[in-house]
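> This is what each chain is made of:
There are 2 protein chains.
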Amino acid sequence: MAAPAARPDAMRRHNLALILAQVHRDGALTRAELTARLGLSRSTIGALVTDLVELGLVEESVPSGGTRAGRPSHLVGPSLSGPYVVAVDVDVTQVTLAAIGLGGELRARQAIVLDAAPTPEQAAALIVESIPTLVQAAGLSGTPVSIGVSVPGTVDRHTGTVGFAPNLAWRDAKFGTILADLAAPHVPVLIGNDADLAVLAEHSRGTAREHSDVVFLIGRIGVGAGIIVNGVPLRGNHGHAGEIGHNVVDPGGPDCHCGKRGCLETFVGDHALLDLAGRPLTGADQETEKVFAAARTGDERALEAVRTVAASLGQALGLLVNTLNPELIVLGGSFAGVLAIARENIEAALDRYVFNSPGEQVVLSEPSLGEDSALIGAAEIAFAQLIADPLGGRALAAR
Amino acid sequence: MAAPAARPDAMRRHNLALILAQVHRDGALTRAELTARLGLSRSTIGALVTDLVELGLVEESVPSGGTRAGRPSHLVGPSLSGPYVVAVDVDVTQVTLAAIGLGGELRARQAIVLDAAPTPEQAAALIVESIPTLVQAAGLSGTPVSIGVSVPGTVDRHTGTVGFAPNLAWRDAKFGTILADLAAPHVPVLIGNDADLAVLAEHSRGTAREHSDVVFLIGRIGVGAGIIVNGVPLRGNHGHAGEIGHNVVDPGGPDCHCGKRGCLETFVGDHALLDLAGRPLTGADQETEKVFAAARTGDERALEAVRTVAASLGQALGLLVNTLNPELIVLGGSFAGVLAIARENIEAALDRYVFNSPGEQVVLSEPSLGEDSALIGAAEIAFAQLIADPLGGRALAAR
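Protein chains in written order, with numbering that gives the first Met the number 0: chain A, 0 to 398; chain B, 0 to 398.
Some hints here could point you the wrong way.
No distinction is drawn between identical chains; accordingly, a pair holds when it is met within one copy or between any pair of copies.
Each computed DMTMM-like pair below joins lysine to aspartate or glutamate, with the alpha-carbon atoms no more than 25 Å apart [what the hints assert, rightly or not]:
#1 Lys259 - Glu343
#2 Lys259 - Asp350
#3 Lys173 - Glu209
#4 Lys289 - Glu209
#5 Lys259 - Glu53
#6 Lys289 - Glu32
It is worth saying that the hints were derived from the structure and are not from the lab.
Note that the coordinates shown come from a computational prediction; the quantities given were computed from them, not determined experimentally.
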């Protein structure tokens, strides 16, 4: 089906959502900027902003200073006393929580290191127990608009069920329901895949902002891709797009724990890097950091390990480029470290495996949100419903 | 950027385009159906249809018969005397042309067998020389709205330049410009990749109609994929998405003419099938058909060749499913024959290489437009501008 037909009442809701989306994404904008961006009259913008102020979603201020004659254009920014969400990044050895306001403002952040991978029930209990402290640290009150959670596995975004998260050992875990049952009543819970949320965040407010075709490839113990196509997330039919860690890249390669041989993960996952560098496979994040530190100081074995992973990574990127032809590939997790040290090895392998005409290049970049890409992405899905319909179920006020 | 803000004059143009798109895609619809589908009033639909009739794009008729009381709802269908496009499928050994009207109505079709792959200049001359006969055979007159051409290679859709079509031996060929210079003045020329156009056609009016995440994998001498994501074509940054024929699936595999080893094409392309079956590599289309015919009558060598290709094809589909998680994969060209004979071998390999949770299945299907998928897709891109803006540069008539 094409876009729906336009009607006047739908126009007002639509335009309210457009303004809130602009302010959420870009921060404070002048009324004049909003007028220019949306192609609406100054008086229409004024009325819509008044609606959003009354809803407690935006605040207006008059910029100080200024030397031009005439009335200065009011600044419209996210309300500092407005709604917030709780964003969570569940990983194998750490759970990170944050309270985040409109505009992506991180108001408080808390990281909890774990001894072992949590069960879904343990993760849900830990999140719910941690929220009061987090909210207090942020100087906030009331309940969050919703809770958004990143997990390293496949997710059914409609039900919040985690289909398979191999390194958490979760399978068909009704995590969204478990968490919603423990959380405050009427607080929606949204669950997303880590790579999907990471690319969403980098696309909304990170290094991929101006790009419409992007891959975020995340390297941890497992490997996954988050993909943006035509400016929109590629989720696929069951929400499992980008699960490329167990793509077989060499049928003669090493045995994989999944039962196949030569999966991508066996060439570029954290354990492959640690094994090549002769490091223990426990505490992967700290150990991979030691490999990168050693490589930077010229340690031959560490450097060779990073370069070997870089070459395999470049080959994998070649296959992704042939399939998706992205403009930008963001390399996150341990791949950011590999990129910083061995970009030339990645690019040489990529050139060899890409079909495209010579001279066409994809840009490789580190994430600009650092380790927080997936966390910020969890906040984005938690805010999405409010941004799409700032009025919610409320009727339009009379004008 | 989000969708643009809505304004009244833009609404009328938008709604005209919506109606034309419905009629182009689905054929004749009653005014009542249009009213229900678009959520507009009956009088608004009536006025918009009158505009489209005046533009010569649709025709109204009163259905005969009917036993219900009351005035019957007028049928709104594509105008039979309305605009047409010329669609062309350029392949290595054949050029196929068709005159196609709104609604995808094929009015005349002509296939020209070639002795050798044409140069861009030869292909353009052949097309332009063939158009008058084609138009006459269709009982049409005047110039086409535009010319849409399918080629088996990478295409820059903005310039119409073919970056690389290995089996035509075209590289950086300004084919769109060459053809536009030869064609009648002011007739736009649109060029597309064969797999991209094939998936567009199957999505618009074929087996993929009700699906939003689709891959069309075409097997000829080369191999390519056309991809639909979120209901929209995935083209990528340079329009080269889906160029997976030279993805290395086994670094220890056979040498490929591209200089690498173990490309997908060396396992599943027409030459791989013919080689396994002990057939000559010339006249690939006819020879692959002979392999399928022999396999269907129980010839062991032919059957084994088809099953071997089927297993490699299933593995390749596994990688695509992990990356894109489509709902439907359409197998065209020689892959349609492989599917008809060895579906179980494809599916067994696919199951083995897919990461998804058990029980989730992608549907494998033959194209419902047969060999004409790419040709019909070429007509779709040729009509796209008219469908998007039925008024073109014309002003809105007063109401």
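> Which of the numbered hints are not met once you compare them with the structure shown?
3, 4, 5 and 6
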